[in-house]
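Chains as they are written, first to last, in the numbering used here: chain V, 1 to 262; chain S, 1 to 269.
Rather than coming from a laboratory, the hints here were simulated on the basis of the structure. Please note: incorrect hints may appear among the correct ones.
Calculated lysine-lysine pairs in the DSS-like style (CA-CA distance at most 30 Å, straight line) [claimed, not checked]:
#: 1; chain 1: V; residue 1: LYS125; chain 2: S; residue 2: LYS175
#: 2; chain 1: S; residue 1: LYS65; chain 2: V; residue 2: LYS155
#: 3; chain 1: S; residue 1: LYS96; chain 2: V; residue 2: LYS125
#: 4; chain 1: V; residue 1: LYS125; chain 2: S; residue 2: LYS115
#: 5; chain 1: V; residue 1: LYS86; chain 2: S; residue 2: LYS41
#: 6; chain 1: V; residue 1: LYS159; chain 2: S; residue 2: LYS96
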Amino acid sequence: MLAAAQKDEKKDQALKNHVGHPQTGRDCPFTLLNSPISHTQYPYVTGTSVLGIKYKDGVLLASDMGGSYGSTLRYKSVQRLKPIGKHTLLGAGGEISDFQEIVRYLDELILYDNMWDDGNSLGPKEVHNYLNRLMYNRRNKFNPLWNTLVLGGVKNGQKYLGTVNMIGVHYEENHVATGFGNHLARPIFRDEWHEDMTFEEGVKLLEKCMLVLLYRDRSAVNKLQIAKITEEGATISEPYAIKTHWELEAFKNPATGAVGSW
Amino acid sequence: MFRNQYDTDVTTWSPAGRLFQVEYAMEAVKQGSAAVGLTSKTHAVLVSVGKTNSEFSSYQKKIFKVDDHIGVAIAGLTADGRVLSLHMRSECIHYKFLYDSPLPVGRLVVQLADKAQVCTQRSWTRPYGVGLLVAGLDETGPHLYLNCPSGNYFEYQAYAIGARSQAAKTYLERKFETFPECSRDELIRHGVISVREALAEGKLNGSNCSVAVVGAGEAFSILDPKMVQQIIDSLDDKNEEPPADVAPVEGEQGAVQDDTDQGVAPMET
Chain V
1 MLAAAQKDEK KDQALKNHVG HPQTGRDCPF TLLNSPISHT QYPYVTGTSV LGIKYKDGVL
61 LASDMGGSYG STLRYKSVQR LKPIGKHTLL GAGGEISDFQ EIVRYLDELI LYDNMWDDGN
121 SLGPKEVHNY LNRLMYNRRN KFNPLWNTLV LGGVKNGQKY LGTVNMIGVH YEENHVATGF
181 GNHLARPIFR DEWHEDMTFE EGVKLLEKCM LVLLYRDRSA VNKLQIAKIT EEGATISEPY
241 AIKTHWELEA FKNPATGAVG SW
Chain S
1 MFRNQYDTDV TTWSPAGRLF QVEYAMEAVK QGSAAVGLTS KTHAVLVSVG KTNSEFSSYQ
61 KKIFKVDDHI GVAIAGLTAD GRVLSLHMRS ECIHYKFLYD SPLPVGRLVV QLADKAQVCT
121 QRSWTRPYGV GLLVAGLDET GPHLYLNCPS GNYFEYQAYA IGARSQAAKT YLERKFETFP
181 ECSRDELIRH GVISVREALA EGKLNGSNCS VAVVGAGEAF SILDPKMVQQ IIDSLDDKNE
241 EPPADVAPVE GEQGAVQDDT DQGVAPMET
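Just chain S, same shape as in the assembly:
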């Protein structure tokens, strides 16, 4: 995109019917590091790659818990993403207070989209420069939505946003038809593999990769970095096509109650 005389203001249309400021805001999303979301019949998973400011700093937080049943991964202006996550938490709590019930994901997403739309139609506010992958569970099952700075929202089976997300999407396109029947752990594997595709250089590890899950009987939680490291290591042991009995190695993760030590941590062999 090149600079032109219609791009100064969000309230100026171009002759071709475009709002350039909104499109520039979407560019900010593409500059952010990758985030991937995917759903099965029972679970929704978010995986993201973190960036650091320098070798000494911590990794940027990309995934936020919004409520027990909803979480969000962001790409773009982190500050905008944080502010929107806080707003989403407030909406969820308010609904819970009024109705003693979890806010349906679709309704939260629409409220968020309407909030973003406002900024595309005022001359004194700029659009939010962040894309949000909202993963959640409600009465109608697990859902994944994308919220754009434009105020649009879309529901997806699986999607990726941010830098080199096309590589991640290519992997997802190959595999997404198997997702509905995937187990929780298989789904997480697919998410981590697809995010690995979006990595330009360096290796995924428990620090720069965040994984979060929500599902039937499992509240939204961000996995411990050690857990994530185990998953990443297990990818190296096996080839990309996970065999049907992949579950045992991941048997120690998260909500799975089985705590026998039969799934030996790959690092120890």
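In isolation and in its complexed conformation, chain V is listed as follows:
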């Protein structure tokens, strides 16, 4: 009799693999009892680098139009640069759906700002700080917006360029980049950027870096946009492609240094 009762208990225990979570009281698998609650996600559709530089009249941003689905270059017309209000431009790498959510938050912010109708308006510094608050708060809840953002703008003659990422790290600089751009473009910026570049010089510099990224970043696609923001306002170019060159000697006879089937 006792043995049978004990066997029943064991069966009960095995079925009781769902318990109340010690913190929330909600239903929780037994196996997760010792790990913290987490919503940390994985990104699904991602954008790659965004580049930003200050120039004479304002700020220039560049990005391609690719949305990768893991290793597949699935979407090729994703606009990753958006104007925010009169004074700011926002570019994003990382999860595209989270970027769209951020744009929605910012559009609402700008709407309420405009509704005051009082001659005051939120400038790039204010938007940057707001975004930092947003990203950092989400990070603290273990539910980040999986993006690295570039924010550029001009207000009252003051040029502004900054970046925020999904863990809330933020800073301002004369030239910024996200993702691979940090490794491939920023060194070029450090050598070749200077104060008060003309628009043409700025675009040339950005295109040079986008070309390097196109060659070396597997998530890059050859369809890019350049966005400009000045005191007058923001413009985003139509998408275009840049010329790549494959006539290097090394590409002509790839097996030169290592003939053979291995």
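Guided by the hints, dock chain S onto chain V, whose structure is given.
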């Protein structure tokens, strides 16, 4: 105003379309001691007269710093004024935290007015019994606003509220056209003179008179009583029409960096 059958409740209209409780709240403002505000192109100044409970007590605090760029002078129920000032500070800090930028004065004033309006439309809260002169500086320059218990707000070049404020306003009316071009010190002088007009008896001194300034490159600050005493004394030395070179005597005040002792304190002559 006399008592009538429509004045018990703030949610009762009179047949003439008046809310008597709100008007009674505005009366409380008129009973408070005087406060004056004035602006130039670069600065905004608040001056007030303090009251005491008795000879032994300190003077009632009438001017509050709300943020580096905004301050407020109150007239009426001091407790209500204090609570609203605390609320304004909270709003400013919140905006600073979100946007890393100073809250534009006009927006703070509207938020305050909306808060006051709520109390004119609920049967379980009474209107705030305090008028606020909000002086501040933002991107669009220095501003002076008046917030009423009614929930209304107005922007002014210069204004006075509280007891005998009409006398102060009369002086301001005579002089306000010169204010935009006034220097910081001239503006303060005008403020102190106008508040002197509102004094029924006794003399202004550094204890019963508070002066505060905010301006381009100068955070909102309440002047030290000794400083205020110097200004008051300098009014007696010169006549009411300040000559163009009045600045040297006031050269030691506040943010002015010149600290040579050429401006001899009038008390020492």
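Hints, one by one, checked against the model:
no. : hint                : verdict
1   : LYS125/V - LYS175/S : violated, 40 Å
2   : LYS65/S - LYS155/V  : holds, 28 Å
3   : LYS96/S - LYS125/V  : holds, 11 Å
4   : LYS125/V - LYS115/S : holds, 29 Å
5   : LYS86/V - LYS41/S   : holds, 27 Å
6   : LYS159/V - LYS96/S  : holds, 20 Å
Of the hints listed earlier, the one the structure fails to meet is number 1.
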